[in-house]
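Line by line, the protein sequences give chains A and B. Counting from 7, one number per residue, gives the positions in the first sequence under my numbering. Counting from 7, one number per residue, gives the positions in the second sequence under my numbering.
Hints were generated in silico from the structure; no laboratory data involved. Being a predicted model, the structure only gives us computed values, none of them experimental. Hints are supplied without guarantee of correctness; some may be wrong.
Which copy is meant is left open, because identical chains are indistinguishable; a pair holds if it fits in one copy or across any two.
[As the list claims (entries may be wrong)] Think about it this way: if two alpha-carbon atoms lie no more than 20 Å apart in a straight line, the pair counts; the simulated DMTMM-like pairs of lysine to aspartate or glutamate are:
| no. | residue 1 | residue 2 |
| --- | --- | --- |
| 1 | Lys221 | Glu279 |
| 2 | Lys241 | Asp251 |
| 3 | Lys201 | Glu66 |
| 4 | Lys221 | Asp261 |
| 5 | Lys221 | Asp277 |
| 6 | Lys221 | Asp210 |
| 7 | Lys201 | Glu63 |
2 protein chains.
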Amino acid sequence: MNFQAILSSAPTRFPDQAPVACQGVEGAYSQQACLQIFRAPSITYCPTFESVFTAIENGECRYGVLPIENSLAGSVNSVYAQMFLHRFHIVRSTTLRIDHTLLALPGTRMDQVRDVYSHEQAIHQCSVYLAQHPEWRVNVCSNTAAAARMIRESGRPDAAAISSVRCAGLYDLNVLATDVQNNPHNHTRFICISKAPEIYPGADRTSLMLALPDKPGALYHLLGRFNELGINLTKLESRPIPGTDFEYMFYFDLDASVSSPAFAGLLQELDAELNRFTWLGSYSAV
Amino acid sequence: MNFQAILSSAPTRFPDQAPVACQGVEGAYSQQACLQIFRAPSITYCPTFESVFTAIENGECRYGVLPIENSLAGSVNSVYAQMFLHRFHIVRSTTLRIDHTLLALPGTRMDQVRDVYSHEQAIHQCSVYLAQHPEWRVNVCSNTAAAARMIRESGRPDAAAISSVRCAGLYDLNVLATDVQNNPHNHTRFICISKAPEIYPGADRTSLMLALPDKPGALYHLLGRFNELGINLTKLESRPIPGTDFEYMFYFDLDASVSSPAFAGLLQELDAELNRFTWLGSYSAV
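Excised from the complex, chain A in its bound form (with noise of 0.2 Å):
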């Protein structure tokens, strides 16, 4: 891990126009996060996570922007998963309000919805509200935009989706009712993924995933090393390794950038010091 020469290789300026591999169909949570990456954008609709590393992986696309956190359910599981298998590198993050809202086709009335469909944790976001409507039926569809085209193309009046107030005029919807979620306070946090590492200028957040020895106190003196330099911690997790009955990697968010000599040293240090050690990547919010 030469971080000097990842500094020194990298372009000044992150790429405009990339190919960029999405989860769900247009309207998604996630092209919204892509566009508020990347100015123009030629996206990839994956239908899986999963599949969204593998346009990666096979050089369909440059770039892949996935969900990693919701401020109400906590992290992705299984696109943490996926980078642990996959190692790339994370290049941009960037932060989404949720604003899941019910559309249907234009002429459908209240009154007249009898099946609801949403990605399931869209369902479970809107549960006040859906339980408030004990005569509908609520179908799980693999993402909320998909549920709102599946409403255009079936052209069912008695359907409804909950989607982003975005896919009404994507799909030529109305919107029956907004704000449908429980809580206000929905945020999701998107990454930009590369398989090659990239560093751009203004990097000021590193994250990590690492195994530590199982012993008392390994954690402990591991944060005293961050400690020294003056770093804040703004995430960590511990997450059973897939494949091990319940070994632990952890994850760090860090304030901290590798243009930083000090921090630099520190990571060479410990990725020489632990068996598993990955540099997931050097980025800024936007």
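Keeping the supplied structure of chain A fixed, place chain B upon it in accordance with the hints.
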């Protein structure tokens, strides 16, 4: 928080029999976990995790048994979210091996299967096997055992369920394929919760939930206090506080018991110092 009072008022023996709430239907992995914890529980099946908490809140059940962490998928975020809301107490934990099998009505052959039903987590854990059968439609259910029961009740010869092998006997189904999961190291840890705090002899693990002041080193200094007492940390997660925009709570599992006066004293200090501090329980794994 008077640990001495809780300890001295605690019954000396964990109950053999009690009313317990579980998510799912008979044959659910939660039921198996419940039978590892209680000799003869009287189980009430609830449709969602949330309704397990409600059953305890309104006194219908004294205990609830819930999955908290899977060795492949990580923490069960929605159970952590409910623990944050309800502040119930953990009184036991247990770990279960997950053994997904493909079940269908007696007489159904593999080449007749058109629809496969299961819980979304199980579908995810069997993605490699399912990808070998692109001719199958994959459908999401609320629970793996509910999928098996539905196959029995529907009488459909073209449908199969991914469930525990125990559901074969329970719902009179045939095993079409065993070990259909991607990874044999598939374990889920369950917790048993109660409304009132209860500590039983042998409790050697403690779970805490707390918020720290947002300044560098806050977590480091807290870990230093655990380290002074020689306490091992078995799990640590920072999770967004529901209703905020990425303010974090820390969740700790520690190899320590409040029957140690030094540790109980430290918890009393933290309770006094920190704005948000919750002792979730001291318990043993069975």
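Margin query: I'd like to know which numbered hints this structure contradicts. Please list them from smallest to largest.
Written below: none
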